[in-house]
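Visitor: Whenever a hint applies, use it, and build me the whole structure from the sequences.
Read off the chains here:
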Amino acid sequence: DAKTTQPPSMDCAEGRAANLPCNHSTISGNEYVYWYRQIHSQGPQYIIHGLKNNETNEMASLIITEDRKSSTLILPHATLRDTAVYYCIVRPPLAQKLVFGQGTRLTINP
Amino acid sequence: GAVVSQHPSWVICKSGTSVKIECRSLDFQATTMFWYRQFPKQSLMLMATSNEGSKATYEQGVEKDKFLINHASLTLSTLTVTSAHPEDSSFYICSATEDSMNTEAFFGQGTRLTVV
Chain V
1 DAKTTQPPSM
11 DCAEGRAANL
21 PCNHSTISGN
31 EYVYWYRQIH
41 SQGPQYIIHG
51 LKNNETNEMA
61 SLIITEDRKS
71 STLILPHATL
81 RDTAVYYCIV
91 RPPLAQKLVF
101 GQGTRLTINP
Chain H
1 GAVVSQHPSW
11 VICKSGTSVK
21 IECRSLDFQA
31 TTMFWYRQFP
41 KQSLMLMATS
51 NEGSKATYEQ
61 GVEKDKFLIN
71 HASLTLSTLT
81 VTSAHPEDSS
91 FYICSATEDS
101 MNTEAFFGQG
111 TRLTVV
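These protein sequence lines map, in sequence, to chains V and H.
Residues in the first sequence are numbered consecutively from 1, following the numbering used here.
Residues in the second sequence are numbered consecutively from 1, following the numbering used here.
Quick caveat, the hints were computed from the structure, so don't treat them as lab data.
Just so we're clear, the structure is a prediction, and the values are computed from it rather than from any experiment.
We put the CB at the ideal spot given by N, CA and C, even for glycine.
Relax, there's no trap hidden among the hints.
Straight-line C-alpha distance at most 30 Å; calculated BS3-like pairs for lysine-lysine: (1) Lys-66(H) to Lys-97(V); (2) Lys-41(H) to Lys-97(V); (3) Lys-41(H) to Lys-66(H); (4) Lys-41(H) to Lys-3(V); (5) Lys-64(H) to Lys-3(V); (6) Lys-3(V) to Lys-97(V).
If we take Cβ atoms under 10 Å as the criterion, some of the chain H residues that face chain V in the derived model are: (7) Tyr-36; (8) Phe-91; (9) Thr-97; (10) Glu-104; (11) Ala-105; (12) Phe-106; (13) Phe-107; (14) Gln-109.
Guide: Right, dumping it as structure tokens:
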């Protein structure tokens, strides 16, 4: 499975955009990039996923570089409830399981 | 999104006893479910993959005789921690997917196991 690298922690002011980077330089052409988050003492929550094109949903936007070696998750207007650990995961196409790395602990400050 | 429910949310048991944790997909059929374990301040560690009607596939280093997994139906998988010890105290989380091709996995809320 392709490995991902994320900063261990980040801070962001409430109301501002939170931009969470992820490096996946060994990603294969058919592997998807998934983002999940885990709020303290809860199960992970799906956020978004993509292959090549940028994606947007009601929670976030996913920007994938043209070479697909990195991506950025954008929370456009962060709130205190967005404080969580965010996981970037590369998933092979025929594999259902998700293998979690260490993630980024995002703290939204008032 | 789809709902995956775990029960119980938390459990305290004595050393040497067994504990069963249930994972249910409430509004979809899950041919495959996954069990994770998470220690404090650590990431989720995949323990095993549970396929309906067949034996579970365990990750390296996970004792299959200690962590018994049953996936008897398309909506239910159970994890039984046998002869529990204090070092088994952890947060156990299940997830389920509807099919095999790049759909998101949905996670239960987790079960906090404390062995005393």
